[in-house]
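Visitor: Spelled out, the chains give:
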Amino acid sequence: MLSLPFSCPPPKNTLSPFQKKPFSPSSSSVTCDRAIGKRNKSNSYLSISLPKLSKVLVSEASNAMPGDEEKEISAGTMDSPEEVELPAGLRRELMPNHVAVIMDGNRRWALERGLPVEQGHRAGGQAMTELTRLCSKWGVKVLTVFAFSTENWIRPKEEVDFLMMLFEEVTKTFSEEGARLNFRLSVIGDKSKLPKSLNQILARAEQALKANSGLHAVIALNYSGRYDILQVCQKVANHVKDGLIQPEDITQSMFEEQLETTGTKYPNPDLLIRTSGEHRISNFMLWQLAYTELYFVEKMFPDFGETDLIEALSSFQQRQRRYGGYKYSTSTN
Amino acid sequence: MAVTEAKYLIFLVVSIIRSAEAALVEMWTVYYRQGLAIISDYKERIFSWYRFVMGPDTENNGDSVASKLFGTLNGFMRKFLFRILSVGPVPNHLAFILDGNRRYAKKWKLQEGTGHKCGFWALMSILKYCNELGVKYVTIYAFSIDNFKRRPNEVQYVMDLMHEKIEGLLKEESIMNQYGVRVYFIGNLKLLPERVRVVAEKAMKATENNKNTVLLICVAYTSTDEIVHAAQESCQHEWDEIQAMKASESNDGGEIISNENQEEHRFINLVDLEKYFYMGVAPDVDILFRTSGETRLSNFLLWQTSTCLLYSPRALFPELGLRHLVWSVLNFQRVYPYLERRRKQV
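Protein sequences, first through last, are from chains V and H.
Per the working numbering, the very first residue in the first sequence carries number 1; after that it's consecutive.
Per the working numbering, the very first residue in the second sequence carries number 1; after that it's consecutive.
In case anyone wonders, no lab produced these hints; they're calculated from the structure.
Hints are supplied without guarantee of correctness; some may be wrong.
[As the list claims (entries may be wrong)] As a list, the in silico BS3-like pairs of lysine-lysine whose alpha-carbon atoms are at most 30 angstroms apart:
no. : chain 1 : residue 1 : chain 2 : residue 2
1   : V       : Lys191    : H       : Lys344
2   : H       : Lys344    : V       : Lys157
3   : H       : Lys246    : V       : Lys235
4   : V       : Lys235    : H       : Lys107
5   : V       : Lys241    : H       : Lys190
6   : V       : Lys241    : H       : Lys149
7   : H       : Lys149    : V       : Lys265
8   : V       : Lys235    : H       : Lys106
9   : V       : Lys193    : H       : Lys7
[Said to hold, decoys possible] Facing chain H, from chain V, some residues (calculated, C-beta under 8 angstroms):
no. : residue
10  : Arg92
11  : Gly225
12  : Val236
13  : Val240
14  : Leu244
15  : Glu248
16  : Leu259
17  : His279
18  : Asn283
19  : Glu298
20  : Lys299
A virtual CB, placed ideally from N, CA and C, is assigned to each residue, including glycine.
Whenever a hint applies, use it, and build me the whole structure from the sequences.
Guide: Right under this line is the structure:
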């Protein structure tokens with residue numbers, strides 16, 4: 001249909017690079033204006049590293065195709081991940097299987113702009129849904145988000161009530177999208193302290209999306225890493241007390257099976273992203289983060305968009321993971 | 001006229017100071033650093049801690065006047081800097097992941113094991129700075145259980161180095177006692193070779209009366225192993241208690257009471273678990289350093305670093321210096337009020 005000045009043939013089913021959209025509650029379609037996005041995208045790629053420039057030029061050339069074809073493809077149901085082209089610089093085989101996100105900085109984002117704190121949380125919710133969509137597109141299998149910690153109960157009551165209501169809303173929209181986009185949902189954490197209505201909505205959403213096979217979204221509500229490890233110890237202690245096992249039979253694998261995250265195929269995160277510039281774990285998934293690559297972003301979570309996710313993923317892909325052993329290759333990082 | 005003479009005088013004084021400075025730098029370069037960088041063949045000695053690695057057996061040891069003067073001046077300025085830092089809150093417990101020794105050796109084209117030696121000397125200077133700053137607990141990640149997977153000769157080299165250094169520590173017991181440093185070896189010591197374990201236990205016993213600073217050396221340690229071990233110990237303890245109760249009740253015949261007591265002993269709580277951690281002797285970590293720019297925990301102190309500051313400078317471990325320590329303490333002081341508030345509320 002088109003002849004390009006470059007020697008490489010254009011790939012099939014090329015979608016345009018994903019654009020950074022302004023936040024709006026009703027945004028649901030994938031495609032949007034290309035003109036502004038393309039320029040922004042190439043600038044952000046240049047800021048990542050020069051060797052990727054050649055790839056950027058190739059992808060720009062292949063995006064010279066008109067928009068009708070892409071609109072037809074993407075307006076319908078979600079493509080399977082194999083057909084979606086990754087942004088330039090990312091390699092499919094090095095994509096992390098499990099990404100965890102600590103969504104920090106909503107309140108500070110709102111205060112910086114003179115908005116009420118609730119607005120900050122809402123913007124965070126939208127950023128989270130956008131993040132879920134992007135991760136699903138690019139082949140991430142499990143996404144865990146730290147929505148509410150056991151230590152967040154000390155916040156003012158109005159804020160906590162608002163957050164519970166926001167979780168209900170977000171779960172409802174998520175289950176609708178999930179049915180369309182093939183997501184699954186799980187919730188980890190101590191559900192007994194959450195309001196009953198929220199528990200019911202979460203249970204219904206989990207049940208409805210149970211059969212899907214796409215991205216598995218795990219929401220950590222009233223969760224803390226220490227609580228997780230402690231509840232495993234208590235379970236194991238009960239087994240010992242009932243005489244089912246001996247204390248010396250307790251092994252690491254038995255421990256891991258009892259953790260709250262065993263429901264997923266990839267229980268341990270490969271990449272942890274924390275926004276708002278704080279360099280802390282803040283009691284999130286302590287056991288599971290043993291070999292996770294940590295990535296810290298200075299921006300607040302509502303500002304965390306596609307370009308930031310691409311930077312995080314490309315940083316992950318350049319890391320050398322040795323797990324305490326020895327990499328016998330001669331490459332230096 | 002007076003102005004011109006004053007100018008001349010100032011010029012004279014300044015040129016004397018400058019020549020004195022140039023002479024000092026020249027002396028320092030020649031005696032302290034083994035020669036001028038431009039013409040020397042031993043470039044790695046100029047730019048690294050190599051000369052300290054070779055020990056006091058080298059011909060040009062640094063005991064000349066120039067190096068002593070330089071050392072004293074350095075120490076004085078450092079103490080002054082630490083006095084300023086101590087105005088704010090000073091961290092109580094620092095933890096270090098000693099990463100990058102092999103890359104350092106490769107970078108400066110040294111022999112493979114020398115990187116670890118350079119790392120050891122960098123560690124000694126870091127410990128000195130921590131002592132001067134007033135940090136009470138210092139933990140270092142010397143050897144992980146995962147590191148046993150490395151090449152056997154490398155594992156053997158590290159074990160030999162540890163054995164040599166711990167024996168050296170035992171010999172200089174007087175210095176350790178003078179500074180009041182208590183040493184703990186944290187981890188699953190049964191996995192170490194026999195001679196290393198024996199000498200480690202001797203070192204722990206020799207320094208057990210010191211109270212000033214505590215040095216925790218993690219060998220054959222992973223955090224997951226520590227947690228499983230703590231769970232095993234606390235379950236074992238509970239089990240033994242239940243058995244003891246049953247034995248005493250079978251003597252007394254009080255069956256109803258035993259059921260109630262069993263219900264009470266049903267749950268392990270946080271305090272019980274933390275008691276059985278290897279790291280139970282120290283409070284939670286305030287700052288965790290990981291050198292060489294990698295940002296991961298590698299199964300180190302997962303439980304104890306849940307709310308601590310993580311700092312990963314790009315420098316390799318032998319290159320870690322005072323400026324990294326100062327920068328991390330400043331960052332700690334920035335977030336300290338927020339963390340303290342949260343700790344009090346929770």
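Visitor: It remains to establish, for every hint, whether it holds in the given structure.
Guide: Hint check:
no.	hint	result
1	V:Lys191 / H:Lys344	holds, 25 angstroms
2	H:Lys344 / V:Lys157	holds, 18 angstroms
3	H:Lys246 / V:Lys235	holds, 22 angstroms
4	V:Lys235 / H:Lys107	violated, 49 angstroms
5	V:Lys241 / H:Lys190	holds, 27 angstroms
6	V:Lys241 / H:Lys149	violated, 36 angstroms
7	H:Lys149 / V:Lys265	holds, 26 angstroms
8	V:Lys235 / H:Lys106	violated, 48 angstroms
9	V:Lys193 / H:Lys7	violated, 80 angstroms
10	Arg92	violated, 23 angstroms
11	Gly225	holds, 6 angstroms
12	Val236	holds, 6 angstroms
13	Val240	holds, 4 angstroms
14	Leu244	violated, 12 angstroms
15	Glu248	holds, 7 angstroms
16	Leu259	violated, 11 angstroms
17	His279	holds, 4 angstroms
18	Asn283	holds, 4 angstroms
19	Glu298	violated, 14 angstroms
20	Lys299	violated, 17 angstroms
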